[in-house]
Amino acid sequence: MLKKYILTFLIGVISISTFANSDTAEPSRLILFLGRFHPLILHLPIGALLITFYLDIVGRLKKQYQHKAVHYSLGFSAVFAVLTCLLGYFLSLEGGYDESVLDFHFYLGFAAAVMIIVLFFMSKSTQKNTRLLFFPFFVLTIACLSAAGHYGSVLTHGENFITEYAYAPEEEPLILEVDSLKIFENVVYKILDDKCIQCHNSTKKKGDLSLLTKETILKGGESGIVLHPNDPFESLIYSSALLPITDDTHMPPEGKPQLTKDELWVLKYWIRNNADFQAKIHSLPINDTLKRIATKFLVLEKKKIPFASDSDISKVQESGFSVTSIVPNKPELTVKFLEKNATKANLKKLNNIGEQIVELDLNNSGISDNMLENLERFSNLKRLRLDNTDITDKTLSAITNLEDLEFLNLYNTKITLNGLKDLLENNPIPKIYTWSSEIASSDVSNMEKEFNVSISNGVFDGFVEKVALKKPVLNTEKTLFVDTISIRLETKMRGAEIRYSLDSTQPNEHSELYTKPIILKEGAYLMARVYKNNWLPSETLNRSFSKIGVQIEDFSLKVNPDKRYPGAAKLFDFEEGSLNFRDGKWTGFNGLDIEAIVDLKEQKSISSLSVNCLENFNNYILYPNKISLYTSNSKQGPYKFLGSTKIKSLGPSAIGHINRFVVKIPETKSQFFKIIVSNPKKLPSSHPAAGDKPWIFVDEIMLH
Amino acid sequence: MEEHLKHHLNNNRRHFLKKVGLGIGGLAAASMIDPFNMFSKGSSVNPTGLNLPHFAPKAKRVIYLFQSGGPSQLDLFDYKPMLNKMRGQDLPDSVRKGQRLTGMTSGQERFPLVGSNFKFNQYGESRAWVSEVMPYTAKIVDELCFIKTMHTEAINHDPAITFFQTGSQQSGRPSIGAWMSYGLGSLNDNLPTFSVLLSRGSGRPFGQPLYSRLWGNGFLSSLHQGVQYRAGKDPVLYLKDPEGMSRSERRKMLDHLSELNQKQEQEFGDPEINSRIAQYEMAYRMQTSVPETMNIDEEPDHIIQMYGADSMIPGTYAANCLLARRLIEKDVRFVQLYHMGWDQHDNLPTQLSGQAKDVDQATAALIMDLKQRGLLDDTLVIWGGEFGRTNYSQGALTDTTYGRDHHPRCFTMFMAGGGIKPGFTYGETDEFGYNIAKDPMHVHDLQATLMHLTGIDHTKFTYKHQGRRFRLTDIAGHVNHDILS
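Taken in order, these protein sequences are the chains called S and Z. End of the first sequence sits at 704 in our numbering; the numbers just go up one at a time, nothing left out. End of the second sequence sits at 1189 in our numbering; the numbers just go up one at a time, nothing left out.
For reference, chain Z alone in the conformation it holds in the complex (with noise of 0.2 Å):
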């Protein structure tokens, strides 16, 4: 028998076979699971077709401001009088407790404490304490809900930023917003459902790169990935005509293309040719609505004037902001932001208020814009790095200048809006700021109250992928019912 054929009546004996099985049991579970609900409301209301959400979300979009990198917590949130009182001396092992270290600092002889160089003030109704390199964030503490006892469990940048974006230290896994868009589907059928936007510090410009497998669908289908908007002529790359094909003619060519797919489908079943047809749609749609959302023309001066003055240059964190404020305008489930430069091994002072100016006042600005547009009551911010930096110094330390290395056993993230208890501060770190006093929470904490928010239960959000079923929490996770409002 020739080879295509014998692939044609495989294929279709298969699907045939999956099909049917797939059917009658599907029909008999859903009978089981709810009869009463069999054959009711079903798809036109619920598109995804996955029962999600679970229940009413507190939060239908989410915006994730990534700080990569491991920002200091001890020179922006967690503040410890301790560290300055006892500044040079060692860190006393009874703290340390053997905990590893990376191979950075582990050779080193001593561990001399270091405190802030910053000054630290305590801040509205909430008395929250922030340093002076953040005074923007400063003015809108009874807006946000502080964890100071975030913990991971790795301890270099990509296993750390991978666990805090897929739940799982090993690549491969799909990130936050892929499980998103893949559970709760779109809220606007014109822009990709998880929009990525990324920035580069001014206080360590030439930092660890990322790499686009962060905001990557894993085993889920491409249709979910992450797409990232760049600064400059093509915002999403591959998406403009080639010169000399009109609008028209480009229509015409995929209505072609559509149908020899669609033959195409109906001959193998396979369903990644269904999500190609809608990513081309998705592209030709985009042709427009990229393009409006990135024009920051219409933006009057006062708005500007609020995100500063970086915001009008192309690809900088404050510009990212006003776009993540656009795009969750027009109803984006997911944006992640990735503001890169955080990690000081060194010359902290420095590099710190670079850092913290690049993202002080856009951060507050993008808070503050969506509340003023009644946003923020079902937007979920996120702001934080995958892990915190040590209380001792990195390298020599002298009066104006340390570094600190990582360090996953706390740090501090704050969050705001979409159902979040504001002006509140989770957890408290030990008086040295190395071990955890009270009310821990882990990656997969936040990752089970995000889910949350957004209406899932994770521990029932599962894909099946070679045999297991898989979910962002891994098998681990609680929800902090402490930061709900």
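Bound conformation, chain S alone (with noise of 0.2 Å):
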């Protein structure tokens, strides 16, 4: 019976394996899906063993031995792992695995299953010599089978899986030489070797594709070529990282660590400079974005810092210094002198945290010569500030041995070329601030040819110019007044002069100067400019001053003044309004006439009318289209018609424009006006919103 069983299992495996070996070089979907379940199925007789080994033993010193268990549970390990065998002989097909520990991993395998089998069969026997080799026999297996689990997860892991962790990791080794550094060696093959060659190499060798070498780099894989140079994105090596996750060809595959973004720069950046595998990092020019972030991925020279104690860093924090650390849980440190009167005491704390301290600020610090000794103690300092103290060329010798150290600044101090040169030859700084030292300019940019070095001396010549000052500023509202006014000018630049004409001519420096209020009796023509030394004068402010003989004050209007900008009295109170229509000043009627009677009170004797009228078309304020002035003898009326003038709204161009408009009439005397503005009623056609109603402001209404 068992013997037909066999039989007819073993020419099942047979003839499927013929059919996947057929001249058709693709094995059937069929036979793939199959070959996925053999890890699955693979620990089953693994496990089914071991517990019969257990029971084996247990039976044995209990003196209770279980033949039948025994017997069962190989059986059911013995069917498993010739399943197993078959499976993992399907998944074999589907390639990628590196031949030669593929062909270990098969035939312990199967050694394995046909040792299982025998157990099987061996354990039923009665015999003597059979059950005196059970034991020994079962321990084979086991090592059999261990040796095949062994390779099999050398297939899928790698070769050191398992011992990876077990020693100490190696220590980066620290890179000296950076000149020889090249780009492919030193930062690409770190980030292939990182993420892909896990499953690209010569064991495991996915999609028939291995990163391990330049040359099989080039050869590509199944899908062709991986490596297009001066064409990252036709580069599968590059494109396909950049797929969906989802995508079944993107690569590292899901679940794997994926490709940083700075690492998918540095390969596009490879790629597109020519995928060149000799090219040094040195090569590059120094602002390059691959050397930046390539430079990254290497380990510089980088030194070790122990952290500094806490109760170091609490006595230089109490000497009057911040102590920071530029990254949390880091041992470098940010030191500060926070007061103004260093000495030698304060600074004798630094020095026992001289190593972790990176960067040192001690500008503005009052310190001198002779308090900075230690310098050299200060070995990992990167960056140090002595600007604004009144350090001199001794300082800077004890700077000579700080080899990190770079960037000095050095501005506002005493030292001097010499000083300095003498620094430079020890120790070319990269970068220098020597403004307001004892340093010309002039020697300056020998000095950087020759150390290679970038040293700033303040703004370049020709960077400030003689530019003009500032108009004066006139402190004075009103310009119209009835009896006296005082003018007030004012500049904000310190030490300048205002010179003042009020005749009409342009001032210059001779003209009067200002020194107090100008008080003006008769109306006047104010110009004013504003001198310095080494500046050039400024614009002139032109203003002028009238004298008015009518003060309005008792008045009626036909309409209010819109809401928002209201103010009836504000159109009589000699105040003028600026271009900022918002100014409080401008009273504003949306669409309608203003209409005003004024009642002087007496007689008095007309010749002019004059209207402050704005102009800002974009804001929908146009000038009035009509001026109308009329007089009567009573407040009632009827008010007999004097003079007008018609205006010409300015248009588009017009963003903000104030002028003052006349009627001339012949000379009336009178105690009842009456003054009509006329609204132009509708936006002409050249505005956006055509049609709609204009504004129009007013801020001043005035007889003459």
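Heads up, none of these hints are tricks.
Distance condition first, Cα-Cα at most 30 Å in a straight line; then the derived BS3-like pairs of lysine-lysine: (1) S:K664 x S:K646; (2) S:K268 x Z:K762; (3) Z:K1125 x S:K330; (4) S:K382 x Z:K1125; (5) S:K414 x Z:K762; (6) Z:K1125 x S:K291; (7) Z:K1125 x S:K190; (8) S:K348 x Z:K762; (9) S:K478 x Z:K937; (10) Z:K762 x S:K190; (11) S:K492 x Z:K1034; (12) Z:K823 x S:K470; (13) Z:K762 x S:K336; (14) S:K470 x Z:K937; (15) S:K330 x Z:K1168; (16) Z:K1125 x S:K421; (17) S:K336 x Z:K1164; (18) Z:K1034 x S:K344; (19) S:K532 x Z:K937; (20) S:K336 x Z:K1125; (21) S:K315 x Z:K762; (22) Z:K1142 x S:K280; (23) Z:K1164 x S:K256; (24) S:K330 x Z:K1164; (25) S:K492 x S:K478; (26) Z:K1034 x S:K340; (27) Z:K937 x S:K471.
Calculated from the structure, these hints are not laboratory results. Since the model is a prediction, treat every value here as computed from it, not as a measurement.
Need the complex rebuilt from these two chains, each delivered in its own frame; the hints are there to steer you.
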């Protein structure tokens, strides 16, 4: 009976294998599908075998040997061992595995399966010799199975999967010869090694691609060439990392560590720049992006700095310094003196944390030479600020040994050219600031070239030009007055002079000097300019001041101004508005005329009317189209027409204009006048809101 | 039970649970993240306790020169001769591609292209294009990194500025400076970490106002909000002692107040009480430190000359630039300027000349002044507005005048200093200056890059509020490595 079963089974295996091995190169999908169950099933025969081994030993020790249990579980193990072999064979058809390791795994696995079957038959036997051999053979089977399992794990996880964490990690080798670093070898390969080579190596060649060496990379894999120099997007080695993570061909596959953005950058740049396997990082320009990112992947001469002790740090803090770690939980510190009167004792405190200080800021600290003696203790110092202190060349000589120093600020100190030269000869610090020291600009550029450093010594010639001062500010708001007016001028520029004239002549540096407010009794035209050494004179301030005879106190308006720009009294207050129509001095009327009746309380002779108006086209504010003046003997009228002026809008170019429109009339003696300022009623066709109601804005109505 | 007692008990239980839970949980988390450093170098060298920065910063301080209103890139930096050639012709649909416009021009019948009325030239070793209205900027192009391809999602001022400042178009999130203050802490205990200065432009003096929420702390502690310095007698409001109160009386008052507040804090454990105590103390210190900083009398004449005559007039952009330098010298972490008036919908040639005159000399002077003091090396300077302007004219186009509407699809900004590649131009727009041709840079990218330069990984710097972790860059943003030196 049993033989029959085994025979059928074997025939089945052979027929399927031959089918799979037939001329069609591709194994059928069903076979591949079944193959994927190998890693699932393989644990069953192993588990069953181990529990049987346990039963065997326990049975022997307790003298209660469970023959049947041992027999049945060996049978279970045998059946699944055979199945595992079969599925394992199917899986191997997928390819991409190192042949030699695969062979080991295959033969050992097959042997283990056979041995389990033999054990199964032995367990049933009652022969004495068989019984004696049973236990040693069992041990041998387990050994064989373990070996098969080990090679299996090498196939899936790589060679040192188990031992990887058994040993301390290898120290990153310190790179000392920066000049010889290659972009591929020291950077790109490191990325591939991290993220790709686990599956694409000579042992496990997924997709028939190995990224181990230059040759295999160039050879490509199943999908063809993976690297096209200069064309990253055609190069699968880069482009497959850009596919959506859910895409089947996205690399690395979902669930594996992905390439970081920086890594992608490096890869892209390397491919774009000809995918040169020999190019040295050193050869890239200093601010090349690839160079900058690439350097991140290198371990460059990094010294290991120990942490400073808390007590040392707090001692430094107590003596007036701020001490902060540059990055929390890292030993490097940045230290700054917070006061202005450093002493030798203060600075001595720094010595115990000298090794940890990477940035030291002593700007404006009041230090002087002699205070900084033990500077060589600051062996990791990168940035040093000594600006705004009294240090001289003597302190510079103490800096000579600080090889890590990248930044040295000596602005506003007493250092000299010779001192700096001596320093640079021994220690070419890349960035130095020397403005406001004893060093002249002309000496700097030669020194920059000689030592290949950057020295900043103030702004370049021609940056600062002689420019004009600002116009004086008129602090008197009224330009109209009845009796006298006091005019106040101001300039914010210290040390500047205001020169002015009142007779319409352009003021110059010899004109009247403004020292106190100017009192005017008559109308005048003020012109004023600001003067100062080393500056061009300002533009001229022009303002005319007019004396007017008639002050209007009693008036009535037919319609009141709009709520947003109210204040009928402002029409007669002698205060003129600015170009800002919201400045509170303007009164506005939306689509309406202004009709005012004024009562002068006594008969006065009047020869003209003037109305101050604003136009701001984009804000819907137009000039009125007509201003008319009427008079009467009584408040109620009837009013007699005296004269009028027609006004044209300036149109779209008007951003803000103010004009005083005058209506001249023959001299008229009367007590009551009516003034009509006519609103154009409709915005013109050139306006985006043509046809809407325009505003008119008036700040002053005056009779002369 | 009496109401106040109930409240008391409630608070105690809640705070007890919170403290115990967080304490144990926090300890566990700390040991998981970094078992070796669990009990190591702590507080005294890491004042914020936030484990920031993530890596060594290139820029310790930031000056953000915000040009509010949207400066016209086409008239300042992004030279497009094609637009001069095609002046008056319609913007081709193939270029516009149906992009939305603001309500201000969407009704226009025509979109006549308009090139700049200003002359452009190339300057410096970097051969950067700069228009004639920015002569000082032109002199220092080799210090600058231009980004020609900034783009944003907002099309109107307030959402666009809010987006730039907080990473979200809706208000309510902390401003960049507030994030910096929260994450990196203060470098100077006597001045606010986040300082704000405002100026109005002379090109368009009555443009949109700005709101203080732009420099607000959002959901962060109010300690981190921007403090506005004003021109005039009281640079910081409510800082002066009332008349008749001496400084020693103020000190005594604050000591007693602080005692009361501490009692309150012990009872309720509300952290906002601590920030209140800290703010009173800061205000007390600011009573002397602020007037000292704002007093520019000690600036020598040649410095005044460098920044221009405006710098002597408080409240101008030039004066603010000079103050920004003084604040940076005092190690203020984040200085934010806003210059208003860049909204040239009409009469652009006149208005823009005024605006450019306001900022050109002072900006260049600030950068060069920082440089000669050795401060530019670790100070990041950013110049730019909330969006750009259209390549077609808004309103009537004449020989002498035109206007430009808002354009979010491409605009120019520049940066300088701490960690930025000098003398470099990033990105290209198409020949119409309408779309990006190469290398776009989004607002979130700028924010991510800014954070990167200050040592922060923008994806890891979050604050939990209302059940969600927020970050400045929301869920987007990439560090632009190409512009880093």
